[in-house]
Amino acid sequence: MPAVEVLSVEKTYPNGTQALLPVNLTVREGEFITLLGPSGCGKSTLLKMVAGLLEPSDGRLLLWRKPVDQVESSGHRLSFVFQEATLMPWANVLANVRLPLDLAKVPKSTSEPRVRQALKMVGLERFEDNLPRQLSGGMQMRVSIARGLVTEPTLLLMDEPFGALDEITRNRLDSDLLDLWQANGLTVIFVTHSITEAVYLSNRVIVMAARPGRIVEEVIIDEPYPRTADFRVSQRFANYAKQLQDSLLRASGAQEDEALA
Amino acid sequence: MNQSAARVVYPLTVALVLIGLWQGLVVALEIPAFLVPSPARVAQTLVADAGLLFGALYNTLRITLFSFLAAVVVGVLIAATFVQSRVIETAFFPYAVLLQVTPIVAIAPLIIIWVKDPIASLVICATLVALFPIISNTTLGLRSVNPGLLAYFRMNRAGRMQLLFRLRVPSALPYFFGGLRISSGLALIGAVVAEFVAGTGGTGTGLAYQILQAGYQLNIPRMFAALVLITVAGVLLFVLMSALSRWALGGWHESETSHE
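These protein sequence lines map, in sequence, to chains V and X.
So for the first sequence, numbering that gives the first Met the number 0 puts the first residue at 0; every next one is plus one.
So for the second sequence, numbering that gives the first Met the number 0 puts the first residue at 0; every next one is plus one.
Derived from the structure by calculation, the hints contain no laboratory data.
Treat the hints with care, as some may be off.
From the structure, some residues in chain V lie toward chain X, with a derived Cβ separation under 8 Å [claimed, not checked]: (1) 50; (2) 52; (3) 54; (4) 79; (5) 81; (6) 85; (7) 88; (8) 89; (9) 99; (10) 102; (11) 130; (12) 132.
Bear in mind that the values here come from a model prediction, so they are computed numbers and not experimental data.
Ideal placement from N, C-alpha and C gives every residue a C-beta, glycine not left out.
Using the sequences plus the hints, can you model the full thing?
Written as structure tokens, this is what we have:
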């Protein structure tokens, strides 16, 4: 069953800027999809439309065959993880992770065990009393992911979540994310501008290009999970990375030719 | 020496040196007490006139406290109204500014004439002085919400009340406490200024009245003693507000975390 169907969805801003030309995309249940492209290619815009944070100018978006605002009637739930951790600085880790449950007025007796479980999933069970500022950037991002997981989503949308982290931390979080994805049977749409991150994580990489934002190619990363650290330095990894890089270069090159013509 | 001890010891050293200099100069140059009294003389007066002066301090502080509380309540209500809609804020904010820029000495006589109860008239004057920092800081604070967090709350379909109490109020606290610190001092200044304007026609019991009286009688040591009380009261208010702010924001806000 398709989890997400994007049917000639496009986004044009009132000032005429074409953020995204009409795109089509189907994400199967349980798939890990990456949207890869340079700034301005509309990858975040597409993700936000899937999340219902932005209205498409045209086209249709279905989650489990339902319009985005009725997804809960299908028994599914989505969570969005932002580029920044966006935690409440005045609240400790526990309260931050509990926030979506508090907002949904879930009683504490029900929510606390779920919060503890989510914190355990991201390896922060010993930090529940800490304030965000006492944690490193990577740990703050883990809190943000725990907050995303605590609502037990089936679809996880991530907008360059590890973009601000150093490479070593990012690699570790990537690998932990894959574990979480597999353990929880999630469907993930992940936005990044890192070629290596896209190769390492995804079943399928959607290559996008800018001005105007559009999808140029799909690359399937045909590599079994769990993916080890060795995969990152393998020849197959390099081949995939090259394929993606060529695709990105072709897309931007084609555009420059257009500009010259 | 650790940081918190230094914060007390350094300024105290400055004070002792200055007081010592003052005492030395007054004695050495034989300056008469009706021009500049020595610190020792001021201290003597403080003790000798303690009943009079501390009674007056009590009255001034009472007015300060009432007007400070009134300013906080009214200011927060106005700020909360302002953030409900840009239209309200745009329409009324200039009048809040008007309130701020009108010198209190210019309108205090009117208020004292209009309001029968002398205490109430002084409280109103001082409230007007103390009000603006609360309005402007709280409004700014309630608007200074992290846009990412706001988006997150919206995405989770947070209601208006949830947005207010779980997001806007905590985000506003650092600004609000900044406003409190300024406003507490202004309430004291407002109380003293209003007492000055009310003069002998007013309640006649505050510190400002004592300063006026001492001036008429050329009792300069008592004038200085009253001045010292006002200053100390102002500093204590500031310290109290800072402690309150540290207690409320402890740890999470940059302004109140120790510099490690």
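message: Could you work out which of the previously given hints the structure breaks and list their numbers from low to high?
response: Failing hint: just 3.
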